[in-house]
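Novice: Produce the complete structure using the sequences and hints provided.
Protein chains: 2
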Amino acid sequence: MATYTPPLEEYGFLLKEVFDFDQTMAALPAHDGTDAELALSVLEEAGKFCTGILEPLNRSGDEEGCRLENGEVVTPRGTKEAYCAFVEAGWGALSGELEFGGQGLPRVVQILLDEMLSSTHLSFGLFTGLTRGAAEALASHASDELRRTYLPRLISSEWSGVMALTEASAGTDLGLLTSRAEPVGDGSFRITGTKIFISSGDHDFGGNVIHLVLARLPDAPKGVKGISLFLVPKFLVNPDGTLGERNAMAVGSLEHKMGIHAQPTCVMNYDGAIGWLVGEEGRGLNAMFTMMNAERLFVGIQGLGISEIANQKAIAYAHDRKQGRSLDGTRSPVPIIEHPDVRKLLLTGRSLTDASRGLAVWTAMQMDIAARHPDAQVRADAGDLVALLTPVIKAAFTDFGFETAVASQQVLGGHGYIREWGMEQFVRDVRIAQIYEGTNGVQAMDLVTRKVTAKGGTVAARFFAAIRADLSTPAGNSHSRLIREATEAALARLERVTAEVLAGQGNPATAGAAATDYLRLFALTACGWMWARMVGAADPEVSETQRRRVGLANYFAARVLPQTIGLENMLLAGPDTLMAVDLS
Amino acid sequence: MATYTPPLEEYGFLLKEVFDFDQTMAALPAHDGTDAELALSVLEEAGKFCTGILEPLNRSGDEEGCRLENGEVVTPRGTKEAYCAFVEAGWGALSGELEFGGQGLPRVVQILLDEMLSSTHLSFGLFTGLTRGAAEALASHASDELRRTYLPRLISSEWSGVMALTEASAGTDLGLLTSRAEPVGDGSFRITGTKIFISSGDHDFGGNVIHLVLARLPDAPKGVKGISLFLVPKFLVNPDGTLGERNAMAVGSLEHKMGIHAQPTCVMNYDGAIGWLVGEEGRGLNAMFTMMNAERLFVGIQGLGISEIANQKAIAYAHDRKQGRSLDGTRSPVPIIEHPDVRKLLLTGRSLTDASRGLAVWTAMQMDIAARHPDAQVRADAGDLVALLTPVIKAAFTDFGFETAVASQQVLGGHGYIREWGMEQFVRDVRIAQIYEGTNGVQAMDLVTRKVTAKGGTVAARFFAAIRADLSTPAGNSHSRLIREATEAALARLERVTAEVLAGQGNPATAGAAATDYLRLFALTACGWMWARMVGAADPEVSETQRRRVGLANYFAARVLPQTIGLENMLLAGPDTLMAVDLS
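Heads up: the protein sequence lines correspond to chains U and F, in order.
Residue numbering for the first sequence is 1 to 584, as defined by my numbering.
Residue numbering for the second sequence is 1001 to 1584, as defined by my numbering.
Bear in mind the hints are in silico, worked out from the structure with no lab data behind them.
Heads up, the beta-carbon is just placed ideally off N, CA and C, and yes, glycines get one too.
Treat each hint with caution, since some may be false.
[To be verified] Taking CB as the label site, the calculated pair distances span:
hint	chain 1	residue 1	chain 2	residue 2	range
1	F	T1330	U	G52	52 to 62 Å
2	F	D1576	U	D22	29 to 39 Å
3	U	S332	F	D1576	22 to 32 Å
4	F	S1060	U	A503	52 to 62 Å
5	F	R1059	U	G33	52 to 62 Å
6	U	G252	F	T1242	48 to 58 Å
[Unchecked claim] PhoX-like mimics (lysine-lysine), calculated; alpha carbons at most 25 Å apart, straight line:
hint	chain 1	residue 1	chain 2	residue 2
7	F	K1080	F	K1048
8	U	K322	F	K1080
9	U	K48	U	K80
10	U	K322	F	K1225
Specialist: Dropping the structure here:
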């Protein structure tokens, strides 16, 4: 089986030809030394780490899984060494704050590293993604003392981060959680409760494990307003920064899961564990959302990563595997990539993957602008767009990732169903990305009830206007007609339905009935936009690769975007038929 | 977790109120004593076997899996006892030929038993489905002597059947297979070769294992015309019918698979194993197709079975699980079945499942007519419709089954991803049904290149005319307007695209580019037809259940059938964009 090839050519194309990364970064004082060449050379090295160290561990990690020995997590053979090598090489600190020892590279570079990590070892990448999210939450909300103590070693990834939200009866509805925090009197608290589904809850890599735990103070009000956030370390930290005694917390058991077997997904028991308040009392969910938004984007990128590798491997297989007769009837057997129905499986995945990556890079650039631009209004505007796109990226990219993994598995036939080729693992692993960090239904509700309606709908309107402006800008070549027209039509559908969704909020079922279909319509339209931009930038006379991009855009316009017609129709049908059925 | 409830009420509704089973059977001399009451009482007993014996073994069978000990297959604890109880109770012989000891019940009853088997234990059901298919192939093609020796004990299921087709380099393209058969001189042959992915290849249930093996005679021509079919028993049979010495064949290894872990999927080595020719030399594929068509319908029913149980369990969970606020804002937490986006996951699965079952029963009745009607023309006409529907049922029902299992898993959130609730097993198990017995892409190619064009397109035209006739027959009540109109529109799309597909066969890529989208359009339209019939038969004043059927039909019309609009658009776009992309 062909090994994974980091999509560096695609990265270069996006940074240099589609988005003008250099100019965008030059406007951000923190990044004005970072150009595409630097970014690409970093990513090339990161790609070597992913293919050399991580990919070889992916299957054995799945087969071996994690286990609990005397209450301690044992990760699969090689995981610890890979993690230490990752930290040693500085990959964990790539986009971390310079102030706390990070390398301060832009978010754009970070998400492309995240993509390669997710392609080659999803379970491993999740350790690093959670650590970065925890660092971001602490950077935004923790006291100076907590930041000084914990941030440098979280940013280096020497210590790892964990988000501890879910309880058996409190998943989507965090207001129901019952974990308690009692003030000790010295500024610390004792945390008691049981959390489930805790990714990276513990490990055997050495270092500390920093849990961000949601719990209730005594006399806190019911619901989400009574929730506060606490930093709870596995090991208490001595004044000199060394690890002190073990905190009163333990892994109760490991979950047995469909996939991500190399990830220790823990039931965590906190038995009066010492912790410290992060942010204000009763504002725990607000502080946690800094981490959750970072993780939602990261999880979307997990979907992208699996899309990429599954599609790559299916294409390689379809070139090698010979079955059946050529279309003109003269040759047999032929590589199955000649068969139209096999091509459709490959092209749908490829066209979704490349467009998604474009949208990811665009969004990450908005994140860099939101974080670093000198003009406050520019920062705020970019931040609004990131907020709008966050649920779309999380849900649509993981849906596309799952669909692409399943379609890629189908290309291999029976060989896709057995372990040997690795395709079935991609399907099992990526499935979690549609569920955790807020299910994709929760993301869709966030989009229709908060993000699209934010600021009177002006943020969404600005996003749609940006798409329309690009579609009506003359392209550098004449090959984008089909994708421009198809995207224009999809955008018109999206705008019509948006007006309907906004107008329909009088019926309380309207938003929920629309949510997932609306999010998919939104995402497909945004992908069409990306193809229009990518083809506008690609001169097909220049290379095979650019000719291929034109072909993919035409395919996407003709054979994928028509989904939006059906979606509009379903959405305009409204909630009535959906609420009328008695399902008892 | 709620246990599975056999859908007996639905079976009764279909047999008595939608399809007039009694009158149809009365016209078939072989079945004129079989009425709906008898069928339902048989199915009620079968349901008890499935819930009492099989369902409790499903999860442990998955976790334990099969293993090979000293070359012998060991199935999970309890499987052997369940199999013996199944045979003892006579369930294996339900629809077998009376002449060879079967009970001779109609196919309609058989497929509903198959559904319940598939719901409660997919791996187990596959043993019985393959045995029946092998019996059917032998009944149609084997010599009298082979039939006398093997059929009674295959029909009782005391012995089991196996189809051995695939080789490492010959999957979809069986013309590439290389297994050899050398005549011994006494009428028998020595079979040599290695087959992979052999379901039920061996077991530890006792009895014989009868392999139907495709192989080439010496000097046979290349390609499919050189393939013959051989009966190769695990144990040679003595003249008195007792088991004699072991044949020269062995399990080389077991495949490690994504799911159906309780199924021993074998690599089989035939090392000069003794076998006998079934049917004519060089006509092995023809004989095998009797078995393959039976299995394709059976595999479609596997998809239906998983749809049913996954959706049932998700509905039960959604009633129990409380998260979030009611739509009117007054209650919290509420059962998640109140949330529109959860309802959509449940309703899509439920509306596809019930309509699919209707189509399965309709098709099985055509099979009974094709097998038993006294008028040859009636038999032939019914057989043509069965041939048309076979790829649709195999591919669409397994796609719907997978989609419904995934959507049902999503309803459970994180609980759907862990083993405990069983949902992730449904997803892993049903995934194989889209792949084996000819991938769903192969089914779609069969539909567009052979079935829809058969007899100048007259068979398909007759099917479409039957749908239109039902849509224009006045219904027994006024509740079917929405589903009739939506199905009428979908049918018009299907007919337009059919004309296009038939017309477009000049371009050799047209059929392949259309295949899978066309099959889905066909299947959704047929499901709409079924809902129109079911609602036409259901008076909502009579019961809650019938009110629910009207609601489901309206939901299907408004929120599922619009998919056909997008599909038509994609199909009319043709193959060009699909063939133009260079995927090297």
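Novice: Hint by hint, say whether it matches the structure.
Specialist: Consistency of the hints with the structure:
For the hinted restraint 52 to 62 Å between T1330(F) and G52(U), the CB-CB distance of approximately 58 Å keeps it satisfied. Distance hint check: the CB atoms of D1576(F) and D22(U) are about 37 Å apart, consistent with the given range 29 to 39 Å. A hinted range of 22 to 32 Å holds for the C-beta pair S332(U) and D1576(F), which are about 24 Å apart. Separated by about 53 Å at the C-beta atoms, S1060(F) and A503(U) satisfy the suggested range of 52 to 62 Å.
Between R1059(F) and G33(U) the C-beta distance comes to about 57 Å, which sits within the given range of 52 to 62 Å. The supplied range of 48 to 58 Å is met by G252(U) and T1242(F), whose beta-carbon atoms lie about 56 Å from each other. For a cut-off of 25 Å, the pair hint linking K1080(F) to K1048(F) stands: about 18 Å separates their Cα positions. Note on K322(U) and K1080(F): the hinted pairing is violated, with a Cα-Cα distance of about 39 Å set against a maximum of 25 Å.
Taking the CA atoms of K48(U) and K80(U), the gap is about 18 Å. The hint holds against a cut of 25 Å. Of the supplied pair hints, the one linking K322(U) and K1225(F) holds, its CA atoms being roughly 19 Å apart against a limit of 25 Å.
When held up to the earlier numbered hints, the structure conflicts with hint 8 and nothing else.
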